[in-house]
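Take these sequences, add in the hints, and give me the full structure.
Number of protein chains: 2
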Amino acid sequence: MNVKLIEAAEGSYQYPLLIKRILADSLKHEPQREIVYRDVFTMDYLGLNKRVRQFANLLGRLGMDGGKTIGIMDYDSHRYLESYFAVPMTGNVLHTVNWRLSQEQVAYTIDHADDELLILHEDFLTIAQPICDQLPLVTKVIITSDRPSFTLSDIDHLLTAAMRMKVIGEYEALLRQETDQYTFPDFDENAVATIFYTTGTTGNPKGVYFTHRQLVLHTMACAALYGGALDSTFSGFNSSAVFMGLTPLFHVHGWGFPYYATMVNAKQVYLGKFTVEYFAEYFAKHGATFTSGVPSILQMILTSPLTAGLDLSKTKMLIGGSALSAKLGAEALARGIDLVAGYGMSESAPMLTVAYLNKQKAQTATDSGLQARITAGTPVYMVELEVTGPDGGPLAHDGHTVGEIVARAPWLTGGYYKEPGAGRKLWAQGWLHTGDAGTIDGHSVVRVTDRIKDVIKTGGEWVSSIHLEGIISRHPAVAEAAIVGLPDTKWGERPHAMIALREGYDASEEEIRAFLSKYVESKEITKWSVPDRVVFVTSLPKTSVGKIDKKLIRTMI
Amino acid sequence: MNVKLIEAAEGSYQYPLLIKRILADSLKHEPQREIVYRDVFTMDYLGLNKRVRQFANLLGRLGMDGGKTIGIMDYDSHRYLESYFAVPMTGNVLHTVNWRLSQEQVAYTIDHADDELLILHEDFLTIAQPICDQLPLVTKVIITSDRPSFTLSDIDHLLTAAMRMKVIGEYEALLRQETDQYTFPDFDENAVATIFYTTGTTGNPKGVYFTHRQLVLHTMACAALYGGALDSTFSGFNSSAVFMGLTPLFHVHGWGFPYYATMVNAKQVYLGKFTVEYFAEYFAKHGATFTSGVPSILQMILTSPLTAGLDLSKTKMLIGGSALSAKLGAEALARGIDLVAGYGMSESAPMLTVAYLNKQKAQTATDSGLQARITAGTPVYMVELEVTGPDGGPLAHDGHTVGEIVARAPWLTGGYYKEPGAGRKLWAQGWLHTGDAGTIDGHSVVRVTDRIKDVIKTGGEWVSSIHLEGIISRHPAVAEAAIVGLPDTKWGERPHAMIALREGYDASEEEIRAFLSKYVESKEITKWSVPDRVVFVTSLPKTSVGKIDKKLIRTMI
Chain H
1 MNVKLIEAAE GSYQYPLLIK RILADSLKHE PQREIVYRDV FTMDYLGLNK RVRQFANLLG
61 RLGMDGGKTI GIMDYDSHRY LESYFAVPMT GNVLHTVNWR LSQEQVAYTI DHADDELLIL
121 HEDFLTIAQP ICDQLPLVTK VIITSDRPSF TLSDIDHLLT AAMRMKVIGE YEALLRQETD
181 QYTFPDFDEN AVATIFYTTG TTGNPKGVYF THRQLVLHTM ACAALYGGAL DSTFSGFNSS
241 AVFMGLTPLF HVHGWGFPYY ATMVNAKQVY LGKFTVEYFA EYFAKHGATF TSGVPSILQM
301 ILTSPLTAGL DLSKTKMLIG GSALSAKLGA EALARGIDLV AGYGMSESAP MLTVAYLNKQ
361 KAQTATDSGL QARITAGTPV YMVELEVTGP DGGPLAHDGH TVGEIVARAP WLTGGYYKEP
421 GAGRKLWAQG WLHTGDAGTI DGHSVVRVTD RIKDVIKTGG EWVSSIHLEG IISRHPAVAE
481 AAIVGLPDTK WGERPHAMIA LREGYDASEE EIRAFLSKYV ESKEITKWSV PDRVVFVTSL
541 PKTSVGKIDK KLIRTMI
Chain D
1 MNVKLIEAAE GSYQYPLLIK RILADSLKHE PQREIVYRDV FTMDYLGLNK RVRQFANLLG
61 RLGMDGGKTI GIMDYDSHRY LESYFAVPMT GNVLHTVNWR LSQEQVAYTI DHADDELLIL
121 HEDFLTIAQP ICDQLPLVTK VIITSDRPSF TLSDIDHLLT AAMRMKVIGE YEALLRQETD
181 QYTFPDFDEN AVATIFYTTG TTGNPKGVYF THRQLVLHTM ACAALYGGAL DSTFSGFNSS
241 AVFMGLTPLF HVHGWGFPYY ATMVNAKQVY LGKFTVEYFA EYFAKHGATF TSGVPSILQM
301 ILTSPLTAGL DLSKTKMLIG GSALSAKLGA EALARGIDLV AGYGMSESAP MLTVAYLNKQ
361 KAQTATDSGL QARITAGTPV YMVELEVTGP DGGPLAHDGH TVGEIVARAP WLTGGYYKEP
421 GAGRKLWAQG WLHTGDAGTI DGHSVVRVTD RIKDVIKTGG EWVSSIHLEG IISRHPAVAE
481 AAIVGLPDTK WGERPHAMIA LREGYDASEE EIRAFLSKYV ESKEITKWSV PDRVVFVTSL
541 PKTSVGKIDK KLIRTMI
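Those protein sequence lines, which keep their order, are chains H and D. The first sequence maps to residues 1 to 557 in this note's numbering. The second sequence maps to residues 1 to 557 in this note's numbering.
Some hints here could point you the wrong way.
If several chains are the same, the list does not tell them apart, and a pair holds so long as it fits within one copy or across any two.
[Stated by the list, open to error] EDC-like cross-link-like pairs, simulated, lysine to aspartate or glutamate; straight-line CA separation at most 20 Å:
{"hint": "1", "residue 1": "425", "residue 2": "10"}
{"hint": "2", "residue 1": "50", "residue 2": "441"}
{"hint": "3", "residue 1": "140", "residue 2": "65"}
{"hint": "4", "residue 1": "361", "residue 2": "34"}
{"hint": "5", "residue 1": "425", "residue 2": "7"}
{"hint": "6", "residue 1": "418", "residue 2": "10"}
{"hint": "7", "residue 1": "527", "residue 2": "398"}
{"hint": "8", "residue 1": "50", "residue 2": "384"}
{"hint": "9", "residue 1": "547", "residue 2": "469"}
{"hint": "10", "residue 1": "50", "residue 2": "398"}
{"hint": "11", "residue 1": "418", "residue 2": "7"}
{"hint": "12", "residue 1": "359", "residue 2": "34"}
Simulated from the structure, these hints should not be mistaken for lab results. Nothing here was measured: the structure is a model prediction, and the numbers come from that model.
And the structure:
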């Protein structure tokens with residue numbers, strides 16, 4: 001389309017959105033606020049800036065002069081935060097290695113990402129040494145340690161010959177040798193800043209990557225969202241906040257908070273790794289006002305006797321990673337935690353939605369706004385979400401039509417690293433396919449129901465298996481129910497049910513159909529949701545980790 | 001420099017930062033909040049979105065199909081807000097015409113900007129009709145009116161033949177004819193969205209222009225700044241706020257607040273034009289919690305008996321446009337207004353700095369933080385400011401070295417429209433030259449002292465005439481003092497003083513020098529600041545508007 005483009009004046013500055021701008025912002029308001037790594041290390045933002053410049057000089061000395069990929073296997077620490085800045089700000093790429101993957105997968109990701117330098121905590125030598133010969137590209141290793149006066153000689157006896165050849169020094173000692181003068185260069189805002197890997201159920205881990213522009217925009221949106229542009233219960237993550245991240249920093253930029261907290265001068269407290277012991281100790285010491293984590297972390301906090309004496313009533317918590325149950329949400333609210341759910345994924349950097357509860361409405365909500373808090377929420381500023389049908393077309397935002405959630409935002413991965421086919425599929429029809437099924441209502445509220453692979457495509461419509469299972473489970477005789485889609489020549493797929501009955505109860509296929517027809521009448525489900533067949537078993541088959549094994553069920557019906 | 005660029009997956013969406021995203025955000029959280037134009041018109045955000053789509057259809061019907069410039073001469077109203085969105089979102093350029101300029105200048109700007117369509121309030125026919133024949137490019141005029149059941153026949157008798165040929169209808173009637181279905185297209189985020197003119201002391205007005213990308217980023221930064229990412233006294237401009245802008249919408253995007261307020265669903269109240277009567281009436285009715293304006297507007301509010309009964313204690317006000325005096329600031333604080341100064345200009349879209357006062361520190365500040373509030377403040381997120389010397393090199397951030405304030409930010413004009421020479425000068429050395437002299441201290445706090453043309457360049461250093469005049473004025477015999485720079489073969493320029501003595505007082509040149517040498521000793525001024533010559537007069541020469549006439553003084557010394 002025709003638009004007006006005006007050539008900028010000769011010599012004018014074309015401002016690129018670079019991560020160095022986030023760090024520069026950290027010196028503007030309250031640079032004396034602290035960044036704490038347990039009792040190992042404390043610095044202020046002047047210190048962070050200084051150390052990032054030293055780190056940059058070190059990278060230059062090691063030949064990491066832009067376009068190189070640097071892996072980090074470390075605990076959540078001041079060092080990790082420094083790498084979030086120094087590596088991309090020197091034009092290099094930070095690979096945040098997920099050391100919880102299998103050894104085989106760790107080796108695959110480090111090699112696939114083209115890591116040349118590895119920053120390695122001494123504890124992870126046990127992972128890295130056995131795979132050392134699978135990493136020909138990694139020519140240099142920097143060791144980190146949490147021990148106060150650690151030197152390389154402390155681990156010399158542990159090093160294999162192959163590893164010893166690559167180890168070039170210890171992080172703190174190397175940093176000390178560098179000056180703190182460094183001018184960070186400008187370059188293309190579309191330069192890749194970070195890469196990390198996401199694991200599916202099949203195949204190799206896939207690399208997602210994010211540019212400077214994307215991370216700056218994600219950080220700006222975080223500022224709008226958490227700072228308080230919304231009069232939400234969840235605002236107030238500001239320059240006076242104490243942030244304690246309980247999301248590993250290798251996991252989707254610690255959900256973006258380290259960048260955001262740095263920009264606004266929040267105090268940051270890192271625990272290395274999450275243990276309830278550390279949490280209780282450092283929460284008591286620093287009084288975190290803002291934190292984030294997956295539901296299981298929240299569960300651990302709430303059930304541990306170690307946290308019984310903590311006042312959690314000044315703490316806000318963003319829950320992500322998987323759905324937050326009403327039960328867990330209610331328990332957290334009862335302890336005074338002001339919590340909300342968020343929704344996103346590795347491919348989306350990750351923020352897509354955050355639960356929104358207006359502060360005033362929250363005061364009059366009968367359930368303390370629990371339902372609003374545990375719902376995926378509304379799209380973050382600049383994020384556009386749709387639900388699409390099996391044909392890729394957009395579906396109604398009516399709160400009950402289920403489709404695949406697809407996204408556009410300024411911070412979505414451009415694809416999968418070195419996997420053009422998978423990237424093309426991810427971006428089919430120009431939208432990022434989340435692989436999640438859900439609904440959007442007239443107030444933009446997103447509800448995630450199933451993984452799309454568990455949704456049944458029948459006659460051009462989608463049926464949520466989880467929704468249907470929930471309804472069948474309301475029948476008094478039903479202990480557990482599983483819905484799977486089986487091929488159908490006319491409709492493409494049709495739902496089939498497998499039901500485990502409660503001991504001492506009985507029910508027929510006819511009875512279950514009659515039961516469901518009431519929900520068809522009340523429009524909770526569509527008539528094509530009623531399963532073609534209902535099979536009764538004494539118990540549903542489960543996988544080794546206790547999940548219902550739908551793959552097996554499909555072969556059994 | 002070498003960086004890693006990865007080609008995005010085939011079919012992936014390249015998200016452009018477009019103004020349509022700001023409007024889309026307005027439907028996400030509290031779309032029922034109102035936009036009020038006095039008692040003329042009220043709508044909610046659903047209404048705004050609907051009307052913007054109708055407006056877009058109208059523009060298409062009129063052949064304004066992208067790349068065309070549309071001028072608006074209207075009062076601050078719902079219509080003006082609609083034009084902020086509909087015009088750029090259809091790929092066209094909005095020219096916010098400053099109707100306060102001379103008729104000659106209005107004609108110049110409309111023609112120079114290439115306006116083809118003019119949206120014209122009936123009150124401004126008196127300006128537009130006499131210049132109608134100077135506007136050959138303007139082929140269509142849409143009339144707006146605040147009268148309830150206005151039709152074109154109401155003004156038919158006023159129209160000249162030339163104007164009558166161009167008038168194609170009345171805004172509301174034209175809008176009603178259009179459907180509210182419209183899909184806003186994607187295009188280059190560097191497309192120009194707005195243009196307006198800035199007047200210097202000499203020459204024609206100069207056009208500054210801003211792209212979609214720039215305005216989106218400016219809005220995101222506003223969200224971070226005013227929403228509350230900072231724990232500043234000035235946070236809390238959020239979705240529950242009531243915004244009443246007292247800055248004309250033709251003036252630098254009403255300082256950016258209409259875009260920001262729309263994004264976050266604040267209630268917006270427009271007065272058409274500022275009068276104390278309107279302010280008092282609609283403030284009483286809507287209770288504005290956030291407002292903005294120039295010092296003279298604040299002065300009018302504070303001194304009018306009409307506002308005596310208003311409770312201003314829940315109102316925050318951003319003051320810009322010119323320096324906020326301590327006296328006026330103190331008066332506002334005494335009335336309970338939570339005010340801060342901001343600094344920017346037409347060329348900078350405009351936010352460069354905003355005074356920052358930490359909420360907790362404010363509570364213990366002896367002067368209610370007055371000094372911090374009236375200082376230009378700290379650079380907005382993403383903004384980089386320097387002070388540079390006469391040679392263009394950066395000067396120390398020590399709080400007393402005066403230099404020209406130069407800027408880099410993601411939202412600075414690319415130049416002056418059709419004035420490449422002026423644009424090149426604006427952007428000398430890759431920095432936007434503000435033309436203001438000032439200092440930056442170690443806490444990033446910017447103080448603006450003089451216009452750079454009033455600063456004396458001597459021996460490679462800059463001397464602030466205003467600072468020096470202030471110090472000379474402390475001498476009991478001095479009524480008024482003016483410092484000007486005169487050419488000097490050795491030093492380039494040297495300061496010279498002209499002093500008007502108080503009646504009944506006397507002082508010699510020697511005495512003034514001796515007086516100043518004390519300030520040299522205490523380091524308030526440098527020794528090269530002491531004027532070469534001091535000339536005494538009974539009164540300083542003034543311009544017609546009462547300003548000291550330095551031009552004339554230079555010829556008198």
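We went through each hint and held it up to the structure:
1. 425 <-> 10: Cα proximity of residue 425 and residue 10: across copies only (9 Å, versus 42 Å in one copy).
2. 50 <-> 441: between (48 Å within a copy, 19 Å between copies)
3. 140 <-> 65: within (14 Å within a copy, 57 Å between copies)
4. 361 <-> 34: between (35 Å within a copy, 18 Å between copies)
5. 425 <-> 7: between (37 Å within a copy, 15 Å between copies)
6. 418 <-> 10: between (39 Å within a copy, 13 Å between copies)
7. 527 <-> 398: This pair counts as within: shortest intra-copy Cα distance 18 Å, inter-copy 75 Å.
8. 50 <-> 384: Between. Shortest inter-copy distance 18 Å satisfies the 20 Å Cα cut-off; intra-copy 38 Å does not.
9. 547 <-> 469: This pair counts as within: shortest intra-copy Cα distance 14 Å, inter-copy 80 Å.
10. 50 <-> 398: For residue 50 and residue 398, only the inter-copy Cα distance (19 Å) is at most 20 Å; the intra-copy one is 52 Å.
11. 418 <-> 7: between (36 Å within a copy, 10 Å between copies)
12. 359 <-> 34: between (29 Å within a copy, 18 Å between copies)
Hint compliance for this structure: no hint is broken.
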